[in-house]
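Same order as they appear, the protein sequences are chains A and B. The first sequence maps to residues 291 to 509 in this note's numbering. The second sequence maps to residues 291 to 509 in this note's numbering.
Incorrect hints may appear among the rest.
The calculated label-pair distances, taken between Cβ atoms and stated as ranges, are [to be verified]:
(1) S479/B to A487/A: 26 to 32 Å
(2) E428/B to A487/A: 29 to 35 Å
(3) A399/A to R412/B: 37 to 43 Å
(4) P485/B to D443/A: 33 to 39 Å
(5) T432/B to D443/A: 28 to 34 Å
(6) R482/A to T453/B: 22 to 28 Å
Note that these hints are calculated values from the structure, not bench results. Quick caveat, the model's predicted, so the values are computed rather than measured. Glycine is no exception: its CB is placed at the ideal position from the N, C-alpha and C atoms.
Protein chains: 2
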Amino acid sequence: MGGLRADGKLGQRSGRMRRFVIIGQTASASGDFRLDDIAGTSGRIDVLLRCVRAALLVSHGVRRAVVVDLVLRGGPGEPRVLRIDGDTSKFLRPDERSLAVLVQKALKADAQGGRSGFVSVRPGVSVRTGGLDEALAEIGDTRLFVLDPDGEDVRTLKDIGGTDAIFVLGDHLGLDAETRVRLKALGASPLRLGPVAIHADDAIAVLTNELDRREAQAP
Amino acid sequence: MGGLRADGKLGQRSGRMRRFVIIGQTASASGDFRLDDIAGTSGRIDVLLRCVRAALLVSHGVRRAVVVDLVLRGGPGEPRVLRIDGDTSKFLRPDERSLAVLVQKALKADAQGGRSGFVSVRPGVSVRTGGLDEALAEIGDTRLFVLDPDGEDVRTLKDIGGTDAIFVLGDHLGLDAETRVRLKALGASPLRLGPVAIHADDAIAVLTNELDRREAQAP
């Protein structure tokens, strides 16, 4: 089993890994926001924090084979990517304020923004300058999906259990046209979760449930 | 369409209604907690706030036919029930702090704790003294479910789309034995969502997705 290496890259792992990449259209890349008004001062980084919880935390534990990338496109220093790796992260708590403290400290710890890749700022947490392309730099032949109400139903999709996969989601503003074009160029498959447009964290919960079910049934 | 009446009871409605009852084993019934440390000072009311979001909010809107009851069993004045009705509630925001402000104001607005039923404290929000039995006082012949890892898989369960249903969930501490006995006596059917023990808000998201799918397919 691997985990985030000192250079911030994803280490070698055994077994499958899930990655969630959430695009924060206005989310603060600098960490300059107030903890007593996260939703009002951070470019809605609260939306992304809830995604971190949904992706990484289960009852009394952390999902080890899950990595979350927050693409922060708001404010000074944007774009930056903040990566949290369930395999090596510690002290993750579910409430928004605790997660905001973690994210803010991580963004401040590498305020210069390393130009040459991810910088590990605490166990399981790393930051780099860059956006979607940098988050997906190590995609290799991993299957890439983008949530899309016109995509294929996740329940009928073949072969997403038991293998590595990357899922890209938008925040409360959704995905912009440019991002959609880029994802299409990268070969992303559109994926639909249900008949109602739901929050990104709920989408992660629903998607995760489907993946959990498939993995439980896998030989 | 009905909604919460002035006496706090659930009004007459057309169509089906979903109700979620979440048991907060230690959650503050008095509203005496600090907004800058909700998770640390409220008996983990943050867990319940996340459930409110998952049950009631969708992308850019509120689910109208959903009611959430928070059963608050912690601190002075316990037990109390705080009810939020999507049909009539206003200004619901998704972040924990905003929801905490709403819940705190509601609990303070009726600090005496009316003994004779729900007291409406603001549009769509009401409070009463009492616990699970009081939350379920109007159950009538509505189907009652309790989340249980040994229950029937929600995906194979018949007839939960298109009808009224009440779902009871525990918080981070789960449901105590006494509550389980009481729910069994009330005829609650045990329901399983998947192979992994997930947070209550994720459970609501997964359950809601299943109900949304069934309603979309209903004639």
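Results for each hint:
no. : hint                         : verdict
1   : S479/B to A487/A: 26 to 32 Å : holds (30 Å)
2   : E428/B to A487/A: 29 to 35 Å : holds (31 Å)
3   : A399/A to R412/B: 37 to 43 Å : holds (42 Å)
4   : P485/B to D443/A: 33 to 39 Å : violated (20 Å)
5   : T432/B to D443/A: 28 to 34 Å : holds (30 Å)
6   : R482/A to T453/B: 22 to 28 Å : holds (25 Å)
The structure does not agree with numbered hint 4 stated previously, though it agrees with all others.
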